[in-house]
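Undergrad: Below are the chains, spelled out letter by letter.
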Amino acid sequence: MSDNGQTPFEKLVIDGVTIELARAGEGPTLLFLHSVDGIDPSARWFELLAERFHVIAPWHPGFGHSELPPEFRSVDDLALFYLELARELEIAEATLVGVSFGGWLAAEIAVRSTAPFARLALVDPLGIKIGDRESRDIADIYAMSQEELTAHAYHDPSRRSRDYSTMSERERLAIARSREAYTYFGWRPYMHDPSLRRWLRRIRIPTLVAWGASDRIATPEYGRAYAAAIPDARFELIDGAGHYPHIEQPDRLAELVLEHAGLDAPLPTAG
Amino acid sequence: MDVYHFSEQPYDEAWSAAEEVDSLRVTLPNRLCDPRGAADVINRRLDEWVLCDELGINVMVNEHHSTATCLSASATIPLAMLARETKRARLLALGFPIANRAEPIRLAEEIAYIDVVSRGRLEIGFVKGAPYEISPANSNPVKITERFWDTHDLILKALTTQDGPFNWESEWHHFRQVNIWPRPYQEPRPEVWVTGGSMATALSVAERGHRFATILGGWNAQKLFDGYRARRLELGHPFPGPDRFGYLVLLGIGRTEEEGHRRLHEVAGYFRTTSIVGEPFVNPPGYMPARANAEWLKRNQLRGRAGDHFPAMTRDGRVLKIGSGFGSGEGVSAADFTDAAIGFTGTPDQVYEQIVALDDHVGGIGNLLLMAHGGAMSHADACDNLTLFATEVLPRLRERDQSEAVARAQERVEAARVASAA
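Those protein sequences? They're chains A and B, same order as listed. At position 35 of the first sequence the residue is numbered 35 (my numbering), and the sequence of numbers has no breaks. At position 306 of the second sequence the residue is numbered 306 (my numbering), and the sequence of numbers has no breaks.
Bear in mind the hints are in silico, worked out from the structure with no lab data behind them. A virtual CB, placed ideally from N, CA and C, is assigned to each residue, including glycine. Any given hint could turn out to be false.
Stated by the list, open to error - Mimicking BS3-like on lysine-lysine, the simulated pairs with C-alpha atoms at most 27 angstroms apart in a straight line are: (1) B:K143 x B:K157; (2) B:K223 x B:K321; (3) A:K11 x B:K298; (4) B:K298 x B:K321; (5) B:K321 x B:K143; (6) B:K143 x A:K11.
What the hints assert, rightly or not - According to the in silico footprint, chain B covers these stretches of chain A (three or more CB under 8 angstroms from chain B): (7) 118–129; (8) 142–150; (9) 177–191.
Claimed, not checked - Stretch by stretch, here's where chain A covers chain B in the computed footprint (C-beta under 8 angstroms, at least three residues): (10) 94–102; (11) 140–146.
If we strip away everything but chain A, and leave its shape as in the complex, we get (with noise of 0.2 angstroms):
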């Protein structure tokens, strides 16, 4: 994003809610459901994924620039919002993708209606209870220092040093209010819907759930249990990332997404 004014997003209305979102590429469509970093069309992982398919990625509601209608209070309201979008888009036999925080919501998405899907991904999707109740399943990290909150998320923390000071207003806004949406969405129960594990088993699609090998988030034993409730899901381990594998390997993850969709053929030479 730039400080002309001209960002790579486009401005929506769906359900009543204006909200911003990417689209490129042709082929199959693949909605791509965001983690708190939000969306980076410039990314490598957003590029792969357009060199195949027609990928739709929205900021959430209150994400970014997108708004935050007063009667959304949890998840349940953002999973439907989103059937309501592939409604409007008229999105059918489609990839879900989702990574973290968009992963659980693609995970509720998924519990409710998977019509418009043809097959989910979820990659490091937060969202379920696994441990018992002294058991902290996902790390706090409202209770970490900006430097342990990046150790326990990347694999290469030094792969993630960020400069603010440069990026434009509306970049840093959007920054703000995600974190804000993240937290309100996710404060209590922390970062899970406690309903959500027992109805996981309703996802009948294919569906692939890759994670980090090094993510301390969530840790790929968090990730195999996942994995378990819904059924017949394919479980893969992706070296070399950590909370979040499309921007540490995004080569894997979009090697694994495809071949999840059948498309195999190879992709571009990271360059």
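We have chain A; now place chain B onto it with these hints.
TA: Same frame as chain A, now just chain B:
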């Protein structure tokens, strides 16, 4: 002018541990709290409030959670004890962090009980609560202001409804049969106070006509009080008198100037410790508006930084580094505290003059809130601090005519209205 005494009931024995764990709040393990030491702290502070009752000074308590800076985890508990142990003093809770309290009806019941036991001496204060209170309560930091006002409305309705149960199904609270027993002693309810440091809060409080108090707000209080006054006039109410305003300040008074300054520096242990908070707890997302957080990002500041509290400023605009942890504030002189109007100190005559200067500036303070104990100050010093104030300063404050200060405030507010209308 009414005077209140306030102490956070700090447990200073654990303060040195903060150098290792980097936080006196939220994460400081309570093995560092020796219950025998805590018993001494709490009983001495309660004794000081009982002394206040004899001296003609009112009582103010507060609450914080999971912290060695304040052992009072519920403002109603000390007030419930003091309701029986005192006879005359007004009993002020300033306040209840109602956006973090899960059970507003329970709080309304406790408020009514204390008001009844004390035969109408309770004053209730509502506070947004500091950001590091979010984690101990596990309350969502997002939409905290909306939750605050909804909870406020519910509690006041519970306190004032006398004709049977009412229904409350709001965004934040769900009760179908609200009907508290006993009901408050005072009709229609105890006075309500709200603290604030921003104009937005001052205006919200003005709209409801509550008492508005600034906590260590310094000279900026004039602007906030004037904003409150203007809003009252705008809404067609009479010009608000001094009783609508509270101002909290540190007190160190002595028989000699030196003794007063020593006491002020002891009370100021509050400043040296209150902002020692682990980085993640200083500014949870949503506590501040997103635009304010975007400004923090501009400085590459993602989380909080201890010491961002209390950017105290002198009347001539000099910024004092008072609240940034151990060692900080030590270079701040007694005169600096006075120049910033956050600490009154010296001999009784000097303290009186300092109060008068502030009172004139802000247009009449009806309620002077004194932190006459803080930090590691001894019980003996706290008692003497209070006694000297009560015998040497309080009588003069009682006699003080605030009408000129109020008249000047009125002229100032009227002139600003004319200017903005033009």
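Undergrad: None of the hints should be skipped; say for each whether it holds.
TA: Cross-check of the supplied hints:
Distance check on the hinted pair: B:K143 and B:K157 sit about 21 angstroms apart at the alpha-carbon level, within 27 angstroms; holds. Annotation: proposed proximity of B:K223 to B:K321 holds, straight-line Cα distance about 22 angstroms (limit 27 angstroms). Taking the CA atoms of A:K11 and B:K298, the gap is about 26 angstroms. The hint holds against a cut of 27 angstroms. Between B:K298 and B:K321, the direct Cα distance comes to roughly 22 angstroms. Compliance with the 27 angstroms bound is thereby established for this hinted pair.
At roughly 31 angstroms between alpha-carbon atoms, B:K321 and B:K143 are farther apart than 27 angstroms, so this suggested pair is violated. The suggested pairing of B:K143 with A:K11 holds, with an alpha-carbon distance near 25 angstroms, which does not exceed 27 angstroms. Using a Cβ-Cβ cut-off of 8 angstroms, 0 residues of the segment 118–129 of chain A lie near chain B, which falls short of the minimum of three, so the contact claim is violated. Closer than 8 angstroms: that is the beta-carbon criterion, and the segment 142–150 of chain A has 5 residues meeting it against chain B, so the requirement of 3 holds.
Under the rule that three or more residues need a Cβ within less than 8 angstroms of chain B, the assignment of the segment 177–191 of chain A holds, with 9 such residues. Only when three residues or more bring their CB closer than 8 angstroms to a CB of chain A does the claim for the segment 94–102 of chain B stand; here the count is 0, and the claim is violated. As drawn, the segment 140–146 of chain B meets chain A at 4 residues by the rule of a beta-carbon pair under 8 angstroms; at three or more, the given contact holds.
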